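Using the hints, position chain A against chain R.
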Amino acid sequence: QTVVTQEPSFSVSPGGTVTLTCGLSSGSVSTSYHPSWYQQTPGQAPRTLIYSTNTRSSGVPDRFSGSILGNKAALTITGAQADDESDYYCVLYMGSGISVFGGGTKLTVL
Amino acid sequence: QLQLQESGPGLVKPSETLSLTCTVSGGSISISSYYWGWIRQSPGKGLEWIGSIYYSGSTYYNPSLKSRVTISVDTSKNQFSLKLSSVTAADTAVYYCTRRYCTNGVCYFFDYWGQGTLVTVSS
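Top line first, the protein sequences correspond to chains R and A. So for the first sequence, the working numbering puts the first residue at 1; every next one is plus one. So for the second sequence, the working numbering puts the first residue at 1; every next one is plus one.
Honestly, the hints are just simulated from the structure, not real lab data. Note that this is a predicted model, so its numbers are computed, not measured. You may find that some hints are simply not true.
Once the Cα atoms are required to be at most 25 Å apart in a straight line, the calculated DSS-like pairs of lysine-lysine come out as [to be verified]:
(1) R:Lys-72 with R:Lys-106
(2) R:Lys-72 with A:Lys-45
(3) A:Lys-45 with R:Lys-106
Looking at chain R on its own, in the form it has when it is part of the complex:
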């Protein structure tokens, strides 16, 4: 069974830049997996940030960007703000209608 991997936690200073990654337990992530990214704050439903690797969802600030870095999908936050402190989840499309979530990264801004 393919596992989608994410860093369990990450920290960034206010105003700093952080890159979260999304990989596979076996193999490389490419655009063919159509990676998407979601932000979730405690007690709230997730919010769509990025889809199709690097397309920002409506209303998402341009300090959020997506890409493929090496063999992983990546979410970069440039100029981190206090309210970026959240859990971030990636999703990869595995084919046959199946999507798999990563385990999530808890981002701390301090």
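Coordinates of chain A only, in the frame set by chain R:
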């Protein structure tokens, strides 16, 4: 503005069937290229995709849950539903209903989410 709202019992006994309904407002469920489905999140844990359905009735399910899951759609009521059978404490979670963009055999992303409803499995 499209809105999704989950409804159903918040407490289910072990071995019984969990049943939830999602009501879609502000738009039609019978829209091309969008699947409607369910995602869950166990307390303090990550998100897990359960499955999705097209307005025509075509479904996709998570292989790990497929034997216990049924998702159905009622276009006349603009609703879709989840049934999860033989539940255990491990099925305790917040259940979100979602809209998912899929086209030409590829599913790209989840763009609308309900607020979520907590279902506890306990006797």
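Status of each hint after checking the structure:
no.	hint	in the structure
1	R:Lys-72 with R:Lys-106	18 Å, holds
2	R:Lys-72 with A:Lys-45	22 Å, holds
3	A:Lys-45 with R:Lys-106	11 Å, holds
Taken one by one, the earlier hints all hold for this structure without exception.
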